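Protein chains: 4
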Amino acid sequence: MATVSGQQGFQATFQATPHFSHMDEQMRRCIQECLSCFSVCEQTLAHCLKKGGKHAAADHVKLLMDCAESCRMSAALLSRESVFHLHQCATCAEICKACEESCEEFAGDAQMKACADACRSCAEACSTMAAMA
Amino acid sequence: MATVSGQQGFQATFQATPHFSHMDEQMRRCIQECLSCFSVCEQTLAHCLKKGGKHAAADHVKLLMDCAESCRMSAALLSRESVFHLHQCATCAEICKACEESCEEFAGDAQMKACADACRSCAEACSTMAAMA
Amino acid sequence: MATVSGQQGFQATFQATPHFSHMDEQMRRCIQECLSCFSVCEQTLAHCLKKGGKHAAADHVKLLMDCAESCRMSAALLSRESVFHLHQCATCAEICKACEESCEEFAGDAQMKACADACRSCAEACSTMAAMA
Amino acid sequence: MATVSGQQGFQATFQATPHFSHMDEQMRRCIQECLSCFSVCEQTLAHCLKKGGKHAAADHVKLLMDCAESCRMSAALLSRESVFHLHQCATCAEICKACEESCEEFAGDAQMKACADACRSCAEACSTMAAMA
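Residue numbers (our numbering), protein chains in the order written: chain A, 108 to 240; chain B, 108 to 240; chain C, 108 to 240; chain D, 108 to 240.
Honestly, I wouldn't trust all of these hints.
The list cannot tell twin chains apart, which means a pair is met if one copy fits it or any two copies do.
[Said to hold, decoys possible] Derived BS3-like pairs: lysine-lysine, alpha-carbon spacing no greater than 30 Å straight-line: (1) K204 with K220; (2) K157 with K220; (3) K204 with K158; (4) K220 with K158; (5) K157 with K204.
Quick caveat, the hints were computed from the structure, so don't treat them as lab data. For clarity, every value in this text was computed on a predicted model and none was experimentally measured.
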């Protein structure tokens, strides 16, 4: 299927990177979680702004923006193995947790559930990284 | 294996996003290419700075920085379905092509080859998107 | 006054940069316009989300996000004299113009007027830069 | 003079923002320090890559990249009054201090001195903000 082949392409590119292959599994997983959470938060931003009402509440939308921004900064620092990547992961875990909680308040909205899942999964990966400090 | 399960987790999160599921395959693939190319360019930045010499030439390193930055901006605009996403994809395709060419000049360096591949693949996905304008 | 001394500090830091001092006035002004427009758009995002209603319409908020993101990318590329800075300025001018028009539809809202002014001024500076290509 | 009028334009735009005018002086100064430090670090990146040698050492260049990225994230979160702005300022102060120390090792290089000054000034403003938590 097209979808699967598209994602195999993604994986193939990602795994083929020699510099990346020396990274331990934890770091690799954390980068992928951050990239995924970054994109999912941006998708959810569009969803929330379109829905309006409670979905577009300032505090909620700003959390989604903070989470997207923090995740992409974490992905960058992890990828280039910055000396501050553990520090940044600790901050990112906090922001992801807050965003997860905010998304969980929307019962019955599949997009919000998916975003909460992505935030929770990213928070776990970032916490695990940060605990290595 | 740990690697596979980590990536299945990534795919699962990414595919489970309802907002994302309505996107056509081309847009989905383009986001993934941009996310991958963003991370690979950051990894390659670390590789080039560590190697020094020709690898750390100002023009080459700045292209890697531009490409990483452009790819993450494209990923953001595509994910939130910004009205400027096609415009941004056109710019991103140009930057990725230039970065690919710069990376191809390093024969026998597996990291540079992987980065050239990621840039070429991302340039193609972005060009395909931009052509829809 | 505190405000003035704070801003003199900003100017002093900015002007004292030797690398920056060789830049021509046009480039210097363009960086400042991009930095200013980036911050003003982020401020306006907070304002619009707090106001809700028409202010928080998806298309309008997403334009503010695009404009903030584009301006900070332009500021980065201009500052490091990237080979793509003129290309990026051309894109940024387009986005700033669209954001200006969107902000101008809110008559009698001083924040929106200030944002429209910042976008117009930044669009002019970016267009002037891009015309040097 | 052109330079001065350019900067007066910047100040005028910045000060005229109604949303911004309610901010206290400390926050306003911190945003300006972050914007300035972001641009100065990007300028210094170009300078260091051009000089090569010790200037282009991986650890030093990556600190400049981290500092630029952290400062622009701080400027964004402060500008939109994110709930995480104090948290981000604490992280940013750490990164700025590390970057300042790294820049101070280059005696007799005016660009490095200007960058160290910008980092020190930004670290102070961010620390002051973070202490309000």
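Hint check results:
1. In this assembly of identical chains, the alpha carbons of K204 and K220 lie at most 30 Å apart only when taken from the same copy (14 Å versus 36 Å across copies).
2. Proximity of K157 to K220 under the C-alpha cut-off of 30 Å is found in both arrangements, the shortest distances being 17 Å within a copy and 24 Å between copies.
3. Taking the shortest Cα distances, K204 and K158 sit within 30 Å of each other both inside one copy (23 Å) and across copies (26 Å).
4. Both within a single protomer and between protomers do K220 and K158 lie at most 30 Å apart by alpha-carbon distance, with minima of 15 Å and 26 Å respectively.
5. Taking the closest pair of Cα atoms, K157 and K204 come within 30 Å of each other both inside a single copy (24 Å) and across two copies (23 Å).
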